[in-house]
Amino acid sequence: AQSVTQLGSHVSVSEGALVLLRCNYSSSVPPYLFWYVQYPNQGLQLLLKYTTGATLVKGINGFEAEFKKSETSFHLTKPSAHMSDAAEYFCAVSEGDMRFGAGTRLTVKP
Amino acid sequence: DAGITQSPRHKVTETGTPVTLRCHQTENHRYMYWYRQDPGHGLRLIHYSYGVKDTDKGEVSDGYSVSRSKTEDFLLTLESATSSQTSVYFCAISVIRETNEQFFGPGTRLTVL
Chain Z
1 AQSVTQLGSH VSVSEGALVL LRCNYSSSVP PYLFWYVQYP NQGLQLLLKY
51 TTGATLVKGI NGFEAEFKKS ETSFHLTKPS AHMSDAAEYF CAVSEGDMRF
101 GAGTRLTVKP
Chain F
111 DAGITQSPRH KVTETGTPVT LRCHQTENHR YMYWYRQDPG HGLRLIHYSY
161 GVKDTDKGEV SDGYSVSRSK TEDFLLTLES ATSSQTSVYF CAISVIRETN
211 EQFFGPGTRL TVL
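Line by line, the protein sequences are chains Z and F. To convert, note that position 65 of the first sequence is 65 in this note's numbering; the numbers rise steadily by one, no gaps. To convert, note that position 102 of the second sequence is 212 in this note's numbering; the numbers rise steadily by one, no gaps.
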């Protein structure tokens, strides 16, 4: 069965700094990979996804992620953090069933 | 865009009481899911449905039951609530079946005293 590991339950960056949220997965077949964002007291919103094709995928709000099969990783990045990026981020892998990582809470300092 | 509503949005109840949470979709998606969200665990699947009257268990189904009598409604029932079921519950629908991309409702915060 597939599983997801998000390294770092909390990440803190300064406004304008690079955001890097790490996600590693295990899967017996080429997976479908997702990043979701959750703002306080809200549901999860799809940020971006990898299904097939280009391994570098772009999402909303300037985020992007790269699927690296050899590293079984799907790390999320944003070149310059904004205060509005403060939220919890979930990586997920789908092989039919969807499995979520434990989440990473991103704090952005002014 | 798919639309999902959950009711109630907040509920406080006492141990031993039955509780039913409702998920309603405005689309006609076949697959629906109930998750619970707890700190350090992400989202864990409770039950899911693949059609009217067709349901199956997820990872953390003990203490929960579900029903789906109409395509648009998926009910989650806690027959006798316990404090360990204090959580935030999310309903989701599979909007792209091939990849199982899911769209989430706003959540229900349940507190069991």
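Derived by calculation from the structure, the hints in this document are not laboratory data. We treat Cβ as the ideally placed atom computed from N, Cα and C, and that holds for glycine. Any given hint could turn out to be false.
[Claimed, not checked] Okay, the calculated bits of chain Z under chain F, using three or more residues with CB under 8 Å as the criterion:
#	stretch
1	14 to 21
2	46 to 58
3	88 to 96
[As the list claims (entries may be wrong)] Here are a few chain F residues that face chain Z, going by a calculated C-beta distance under 10 Å:
#	residue
4	Leu153
5	Arg154
6	Tyr174
7	Ala202
8	Gly215
9	Gly217
10	Arg219
11	Thr221
[Unchecked claim] Short derived list, chain Z residues pointing at chain F, Cβ under 8 Å:
#	residue
12	Tyr39
13	Gln42
14	Gly43
15	Phe63
To see whether the hints hold, each was checked on the structure:
1. 14 to 21: It is violated: at least three residues are needed, and the stretch 14 to 21 of chain Z offers just 0 whose Cβ sits closer than 8 Å to chain F.
2. 46 to 58: holds (count 3)
3. 88 to 96: holds (count 3)
4. Leu153: holds (4 Å)
5. Arg154: This interface hint holds because 8 Å falls under the 10 Å limit.
6. Tyr174: violated (17 Å)
7. Ala202: holds (8 Å)
8. Gly215: holds (6 Å)
9. Gly217: holds (5 Å)
10. Arg219: holds (8 Å)
11. Thr221: violated (14 Å)
12. Tyr39: violated (11 Å)
13. Gln42: Gln42/Z check passes; min Cβ-Cβ to chain F is 6 Å, inside 8 Å.
14. Gly43: Check passed: Cβ of Gly43/Z comes within 4 Å of chain F, closer than 8 Å.
15. Phe63: Result: violated, 17 Å to nearest chain F Cβ.
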